[in-house]
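Join the two chains, each given in its own frame, into one complex according to the hints.
In order, the protein sequence lines correspond to chains H and C.
Heads up: the first sequence begins at 1 in the working numbering, then just goes up one per residue.
Heads up: the second sequence begins at 1 in the working numbering, then just goes up one per residue.
FYI, nobody ran anything at the bench for these hints, they're computed from the structure.
Quantities reported herein were computed from a predicted structural model and do not represent experimental measurements.
Be careful, since some hints might not be right.
[Said to hold, decoys possible] The following label-pair restraints were derived from C-beta to C-beta distances:
id	chain 1	residue 1	chain 2	residue 2	range
1	H	L95	C	P362	34 to 40 Å
2	C	L383	H	Q255	51 to 57 Å
3	C	E378	H	Q255	27 to 33 Å
[Unchecked claim] Okay, the calculated bits of chain C under chain H, using three or more residues with CB under 8 Å as the criterion:
id	stretch
4	83–93
5	102–109
The C-beta atom is built at its ideal place from N, Cα and C for all residues, glycine as well.
Spelled out from the first residue to the last, the chains are:
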Amino acid sequence: MDFFIKLFTDPVGFYNQHELLIAQIGINAILAISIFVTFYSGQLTLANAGFMAIGAYTTVIMSLYLPTPLPLNILVGVVLAGAIGFLVGLPVLRLRGVFLAIATIGFVEALRLGVILNVPITGEGQGLTNPSADPLGGIVPILISVPILTYLVWRLTHTRLGQAWAAIREDELAASSNGINVPAYKMIAFVISALVAGYAGALETHINFFVDPTEYSVTRTIQILTFAVVGGTTNVIGPIVGALFLTALPEIVRQFAAYRDVVNGVILILVIIFRPQGIVGRGGLAIIAPRWWTRWRTRERAAAAH
Amino acid sequence: MSALLQLTNVNRSFGGVHAVDDVSLEIEQGTIFGLIGPNGAGKTTLVNLVTGYIRPQSGSIQLVAGEGRAGAVELARRPPYAVAGMGIARTFQTLRLYRNLTAIENVLAGMHLRRRDDTLQQLIPIAPFLKEDRRRWQRARELLGRVGLDPDTFGNRQAATLSYGDQRRLEVARALALNPHLLILDEPAAGMNPAEKDRVRALIQQLNQDGLTVLLIDHDMRLVMGVCRHIAVLNFGRKIADGPPATVSQDPAVITAYLGSQAQKTAVHVPGSEEMDVAATSTAVSAEPTSPLLDVRDLQVSYGAIQAVRGVSFGVAKGEIVALIGANGAGKSTILNSLSGVLRPHSGTARFGDLDLTAAPPDQIVRQGLVQVPEGREILARLTVRENLELGAWARRNGRSAHRDIEGLMEQFPILGQRRDLPAGQLSGGEQQILAIARGLLAQPKLLLLDEPSLGLAPQMVDTVFDVIKKIHNDGVTILLVEQNALRALEIADRAYVVETGRILLSGTGAALRRNPEVQKAYLGG
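One chain only, chain C, in its complex shape (with noise of 0.2 Å):
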């Protein structure tokens, strides 16, 4: 086997912050290459790097062989466009689809390398001329199949009317179709549930059985451990651990940076094999609560032609945690945003105490204590924390008693009181989580609605941002969880629902859900 790239020495600093400290790696030809690290250890600076996208201060990254060449070829000057013509694509960590246009549309442009430049015989369409545009086509629609898009049912539809994990096929597909020697996966998982999980590692496998070189970056220990035959550790920019998966999951180093100490167990385990314990403070109530304090009945919920929530029932009574479970696209957030009043719902009613939610202004809703920590968290990344806090307290007249909450809170959360004047954009992403959570707090909530609170965040991380939602459970706020995470859900609720394609499939408390086998059918995919 021979080396596909290698890079040597790669240093690049952003003003004192080392992202990439000295890396040096060789990726060979035909392997599935893992990246690792915890956020902020800089594997999407060094995909960067290698794309083109940001250029490297000193060291070296070679294409050992491709495209019709025998010699190596250095790419770190060449612009993105001139690394992907080498045979190189990528797929991006946040998506960047071409989201108005429509699948087919998003692949043809991604052969844009890989087809003649017809241009002008195309001004003339006569057949001859529209042969080859139809072969492309055909292409286009094989690509969308080969990564589990059927073309008939989604070729057509606009990027952005597809699910998350639709979308992020689509990208691989586009990568695709640049005929690429070396596909890079800037998390291609992110965000997706197990059973996707599965589907997503499936499809990296049969892309490389089809000898496509794959270079995947994921938080997922699972699914890393799982696929890639060669894992590098990265941590503060630097290199930690070189090697097969089975030696660097036992690398002492990377226990430490990576995984922390007692998260190795979340990180790695296996669905339901781990023991069914009931949390200690959660008081079980497995019924629905006869005087709720949200009561949602019959709620439909539609984009356009697309009926996201098709008639939706629950209830939450005061001093409850009640999680909504289930698959991306299977409606949570859309039941979120029609209870924040940032969507409308078309039927159904939606009470939080005398308050109408399917009619009252999203400031009112506000004001009466139903308050949303958005998915993505929404902070603003160029105010400093104690800005970011001042604004969740913007509502308020008395500006007194804000400030002293926002005190309040900085101490509370020292993780946000030792950072109050760096600017939220520099926070890592659990750190992020806690301060829109704590943004939050400060409209001082009866109702918390939490939306996708551990989505991106390292392992690690989740377990701090589980135990903020305990605490501020314990301090007398009523939560509302969305979660994909089910089973870390599962583990703090009182009372769950799972949503499937709109509908509730399987309420219960937190606990029996757990155990019941149905739900780990459902949502695991098991």
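Same shape as in the complex, but just chain H (with noise of 0.2 Å):
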């Protein structure tokens, strides 16, 4: 509760407190709009982890030994985070659903444990000090691309390209006879999706002082999955709702400190549940019931009524 009594009544106070949870949210909601487009062009890919790694560790490696000012390193990582992407996807992307998944995984895995705990200019494992972090000044390029690439990604899904994705999740086949070259439109997706989470990494690398390699396993995509299912994915505000969700309940339910975990995980299968089009999502505000509550309901007012 104190959480949102000092978000309404002393707002910036609330933001000097929690500048950086506020921040992390920035960068979850840029993961869940880099997991949104692919799940928008119908592709279940999980390995948005990996190209976060990868602009993180571009942006680092070069501020410890090169001479670049950082807009550029951070510019690389990007783009080495989609260059990555589009030879990833030559042969992944060949793969649907959940074959797609476990090879994205498989993906994120083999760089992490085979790439990047074994080379020495990634620290072997033991991390890399970023000597250009600023958690303070950090924030504000998070805070401004948020809505910028919101506004990006959302404007694109009304566009030739997004009704092309929006055809392919539908239906490929359908697709390809309306002229649609679904592999092509397949790894733009894909490509868009691995630059956005290279930013994020980038962007991460520089609130932080150190870049963990444990930050990037299948744990943290698992958990950018978790905001597009909890935040809905038929509009690119879905998966920001349940990165902002996600990221502030842990905080929201402080006062639980033990049961926090227990607490996250009742509230995720609620919304499963009750909400399995997410939180934002197509139906308004409406609460579907399972059918076998209903079904659980009517036997009890039967049974009430004999």
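So this is what it looks like as structure tokens:
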């Protein structure tokens, strides 16, 4: 409760007190946008954490060894994430559904366990100290980026490109009969998703003093997936609301301290049962009662009548 | 007239089956070309070969003219989107709409190749950049209008919520958005009633008059014969006849292969022209039953905001065959689904003996003897005939009696007995329907609900399925039948109800309704 009271009575104090949390919400919102793009084109890809790692490590390594300015370092990190996204996409995007998900998880783990933990320049799993870290200054680009990216992706879903994605998501066979080059448009979505994830990774290292390889594991990817599932994927606002909700939740239920994860999990389950389309999603604010629930209610009522 | 599309010695087999066996065809520019043949003749395979979904093992498929080129183009090894780029649009036998998109969005996606790629401009929504967007929107609305969908009423509705016939029309509009040279319609009238079929026919003729070449695949001989200028007939992957409709319909090979000897009458008959005899086996009961086995009172069912069934009352007495007939989207299947517990009505009562069908769980409804054979058959394609039947008996406690019953059914329906170890997916549509009915029988029904048993079947197979229904009825099972093939249903029904837009319009004995001119008007669109 304190959390909300403070938010409304003392916004400035709230901002100062929770600056890191707000920055984290921003980063997670960008990651949510990243996974939204692939979701929107009907692909269940879970490679986001891997592309984050590429963006993050590239930026930090360049800061460590090269005299280049930070924006350039970030740009290189983003472009590299996109390029690797393209290369990974070539074989992987032939797969569909859960097989695609598994293959992309494979990529995340191969990158972390195979490359990051073994190559000297990445600190071999010891992590890297970020020389250009700036927790307070770093929040500014994040807060600027979130609305811009949200806006761009929202517009994108209304263009020819976005309509082709929607068609592919709904029915690949029909899409190709309409002349949509399905593999090419899937690749575009995958690469855009990789670029955005790389950008989130690069921005995130900027608010941390230390790059920790354990941050970029499958756990992180699953966390990003829950943003999309809890928020809903019918439009870009959904995953962002999911990111906001799930990032702030542990802070909100702080007084339960020891039971924080339990409360977290219970809320997730409730959302999935009663709001399967996500918090944001078609159907306004309707809460959908699952069939077993109504059946159970009917039976209860019948029993009461007897 | 010059050729538009030319197929030369095209071959394609799956495993040992020659789906398309050395077929050569020539489709002329500006014609309406009909491709017919019994189920499994290879028609859809041929369409998939032309549109790039399947690659031929040998032979060539050439687009002779089109898209600003003079020379012929080989289509055989091109992917589907490239074939679409050549100006060949298609619809699918099983509807493939973008179900969660609106009607207009469906058509906009169809315009993909016919619009400039202005994605980057669109990111900045200032007026001049959006002008083209509005024009495209307008064009999408026009296309909807062209196929007979009012853009104001249907434009912003989700494709999945449209009625079946409207979904078919929307698919045509989406294909037209490509501005095609050749439009391939794969069974556009499947599952439609005669009035709707007439509308499809008028639409095809209109499109053709506007200069479009059409390749039409359908079962309905009346439609194909009436609209096509040239017809090719396939059977077991081979072309057995090719020529103008008058020649093809007289071809003895075609008549035996496709129509069967007895079915010809049904296939090409004109509603109302045949003799109106009362089926000898039916006991004519005209009045509503006094103590019905199934009693439905004022049933109302809605899907969200759309009310599909608006207060329907009827009854079925023990030993009857009762038919619910009416156009697609009238609410017939919804009534059945709410009786079997798949859907829940929001008001009204439905009693089956002592059981309240509006509240009882589906498994209990089945155990009490009310069994539904669903529309579209819903058999498990990868399991064998025998395994499908075993699943039908799954709810039973007594394994030995189930086994005996399965053997009995195999004997009763030799079509199943001979194919007991084949995957059910390899059965023809009619055989699958019989399997679905047999599976329903294993649950030992007192009342069997049959939902569109003749849907998508060749005329010959429809006869077989109706014979099976009569046989089951003679064995003492009460039957509630939903059919869009009204005349056939009325032939075997003791009583029938005509359903229109969720209400019962008329009721009476099967024989009386067949003679009723109002039925023909309401249902056949005469």
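- Within 51 to 57 Å or not, the Cβ separation of L383 of chain C and Q255 of chain H? At 55 Å between Cβs, range holds.
- Message: A range of 34 to 40 Å was offered for this pair. Does it hold for the Cβ distance of L95 of chain H and P362 of chain C?
- Response: holds, 36 Å
- Message: Taking the Cβ atom of E378 of chain C and the Cβ atom of Q255 of chain H, is their distance within the range 27 to 33 Å?
- Response: violated, 52 Å
- How does the coverage statement for the stretch 102–109 of chain C fare against chain H, requiring three or more residues with Cβ below 8 Å from a Cβ of that chain? Since 3 is at least three, the answer is holds.
- Message: At least three residues with a C-beta closer than 8 Å to a C-beta of chain H: is that true for the stretch 83–93 of chain C?
- Response: This one holds; 5 residues, not fewer than the three required, reach chain H with a Cβ under 8 Å.
In terms of the numbered hints stated before, the structure departs from hint 3 and from no other.
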